[in-house]
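Residue numbers (the working numbering), protein chains in the order written: chain A, 1 to 220; chain B, 1001 to 1225; chain C, 2001 to 2240.
Think of the hints as simulated: they come from the structure by calculation, not from any bench. A hint or two may mislead.
Unchecked claim - Ranges between beta-carbon positions, derived for each pair:
hint	chain 1	residue 1	chain 2	residue 2	range
1	A	126	C	2138	20 to 28 Å
2	A	9	B	1201	29 to 37 Å
3	A	23	B	1201	33 to 41 Å
4	B	1204	A	136	27 to 35 Å
5	B	1051	A	186	50 to 58 Å
6	A	119	C	2238	38 to 46 Å
7	C	2138	B	1054	15 to 23 Å
8	A	218	B	1204	46 to 54 Å
All of these numbers come straight from a predicted model, not from anything done at the bench. All residues carry an ideal CB built from backbone N, CA and C; glycine is no exception.
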Amino acid sequence: MLDYRFQWRVVFKHWPELLDAAFLTLELTVLSVALGLMIGLVLSVWRRSDNRLLWWFTATWVALARNTPALLQIYLFYFGLGAVSIHMSSYAAVLAAITFNNAGYLTEILRGGMDAISPAQRNAAIGLGMRPVQVYVFVIIPQVLRIVFLPITNQIVWAMMGTSLGMIIGLQELTGMTTFLQSQTFRPFEFYLVAAVIYLIVAESILITARLTARYSFRW
Amino acid sequence: MNSFSPVFTQGDFILMLKGAGITFYLTLVSGLFGTILGFLIGWARTVKFAPLYYLLGLYIEVFRTVPLIIQFVLFNSGLAIFGLRIDPFTSGLISLSIYISAYVAEVVRSGIESVPPVTVKAARGLGMTYLQSFRFIVVPVGARSVLPAWTGLMLGLMKDTSLVAVLGATPPELLRASQIIITRIQEPLAILIGAGAFYFIMCHFITVVVNRYEKSWNEKTKVAA
Amino acid sequence: MIIIENVHKSFGKVEVLKGVNLTVEKGEVLCLIGGSGSGKSTLLMCINALETIQSGRITVDGIDVHAPATNRNKLRTKLGIVFQQFNAFPHLTARANVALAPRQVLKTSRVEARDLAEHYLAHVGLGDKLDHFPSQLSGGQQQRLAIARALAMKPDYMLLDEVTSALDPELVGEVLDTLRLLAEEGITIIAVTHEIPFAREVADRVAFFHQGVIHEIGPAKDLISNPQMERTQEFLGKIL
């Protein structure tokens, strides 16, 4: 049945390349989440605004991000923009697409967090004489942070998985590099298994760190 | 069909239409098997048996954390090792089912646990067996409460079918079909927007319908005080 | 007859029942009163094996409730139970709620089960609410629904666990009226309750629970008007 000899040494010979690729994955993940958060913060405010234009812009962004495949979004940036003579590298396309996607989901997460804080909190703070900025910083934001912390962590893990799609357009992040290496050495199973384990370790580290941070910082 | 034409042909349109059909097919079949498997796993996790709980928890964690592309290729190359010959399409279908079962399992578990324990005790108190109370009380009540989440999973699954392309599976689903056409003609934008519209309309429409249905249903049968 | 002998029950390390002895005669109405956490509700759930016991014996009409060989599902058809809240099956109409168990457990025919449901729902005063869902009923109506549902199994004993405690005050009366009706019909009732005046008026005997045992037990009117033990006096003094 098992007419196959596993050769793990081949994988470890290419450890440096895999590590580089893993760093690229992490870099893309962190950047896309950071940018996505910044955009998401703005969008979530616009989502609650009375300005029709801003509200529709945000609603459309969120709907498009959540109702279309991430791969399609990558294609749109990579191939689609080529039609209007904007040529993006695979790195840029993946970054743009995952950021776009993150922003959509994060907007909803942040909005959910803000909606969950009852207006009574705001009123109480203003009643005590605090200025609007102080109200936000000292009363609203800490509470919102606690609610959105875990969903944002999940989004980070999701974004990391999203970067693996870059492989399809030739980007050599972890999945792409793994594919390249296994095509050179004809050891697909060993390479992909190691890649899977790396993803697992990184994701679990993120989740465990997040849980510990949450328990420590949100003890109230 | 003129496969060298730099223009969008009727053959291309049919390819995309078939692609949409394949997307549907993949979603329905892996959704069905994945839901059945996920249901069993989620149910098993509510039984008070610690080893099973943690073992299945591991399964869930692994299949929710490893990127889908890696799951596809790992499963596919693993099959080769064990000497099993399955075409890439079926291999992708099985991978998708296993992948989604991990998510369904958690949703099912939360659904079962959302039924007030007292209501279940009332059913047992009437003399119903565990299976009877599960079938007539826990499943109907729990299912209604997690319907939106489950629908969300199925829609996510539909979007994820676009990754089967990585296995070179034939016939191609919608996004792969689009990509094939794009590399030939120089009008990527229109085609991608067309494909995007398909996904968008399906997801958005179904979400709205489920939300409306859920609202009207919940008015009548929300868990009583 | 229900005989409870020296029953001990713990939840993890906490012992809740510390040697309870009690005999309940057929046809009597027994009320269990006492502070929260004194074990009254737990005892009720031990009688129909919804909770296990660590030691002691409970027999219902001669059947040992907790013996491994006992068919508990069958036993439970003799013991109707109604809880404080969340009784009703939210996805079924009142009629379906009541008809479900007779059909699935007693294997009654669909038509008979329907008639049974309509009869008992009318009996508790819900004859005009047959096709309503529990969420469309008031708290008191839901509790009466639960009572009808338990009655439809034609049990020999009814176990009632603080069935009025979660209700708004104005809804308590209708439920107590239903219970009064049941008592008059001669059904054996063991009721955990805080409604002391009701207990004095309707019960044959009252048992006062304190720290996991029956501290004092006696004829309803006597115990409530003239408690002998100090703790009982203290408890009643706080309530009345």
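| said: Range first: 50 to 58 Å. Now tell me if the beta carbons of residue 1051/B and residue 186/A are that far apart. | reply: violated (39 Å)
| task | Return holds or violated for the Cβ distance of residue 119/A and residue 2238/C against the range 38 to 46 Å. | result | holds (40 Å)
| task | Take a look at whether the Cβ-Cβ distance between residue 9/A and residue 1201/B falls inside 29 to 37 Å. | result | Roughly 51 Å apart at Cβ, these two residues miss the hinted range, so it is violated.
| Range hint 27 to 35 Å: satisfied by the CB atoms of residue 1204/B and residue 136/A? | 33 Å Cβ-Cβ, so the 27 to 35 Å window holds.
| Consistency of beta-carbon spacing, residue 1201/B to residue 23/A, with hint 33 to 41 Å | Since residue 23/A and residue 1201/B have Cβ atoms about 39 Å apart, the given range 33 to 41 Å holds.
| Taking the CB of residue 2138/C and the CB of residue 1054/B, does the distance hold inside 15 to 23 Å? | Since the Cβ atoms of residue 2138/C and residue 1054/B sit about 44 Å apart, the hinted range of 15 to 23 Å is violated.
| request: Using the beta carbons of residue 126/A and residue 2138/C, state whether their distance is inside 20 to 28 Å or not. | output: Violated, at about 40 Å.
| Should the hint that residue 218/A and residue 1204/B are 46 to 54 Å apart at their CB atoms be regarded as holding? | Distance hint for residue 218/A, residue 1204/B is violated at roughly 35 Å.
The structure does not agree with the numbered hints 1, 2, 5, 7 and 8 stated previously, though it agrees with the rest.
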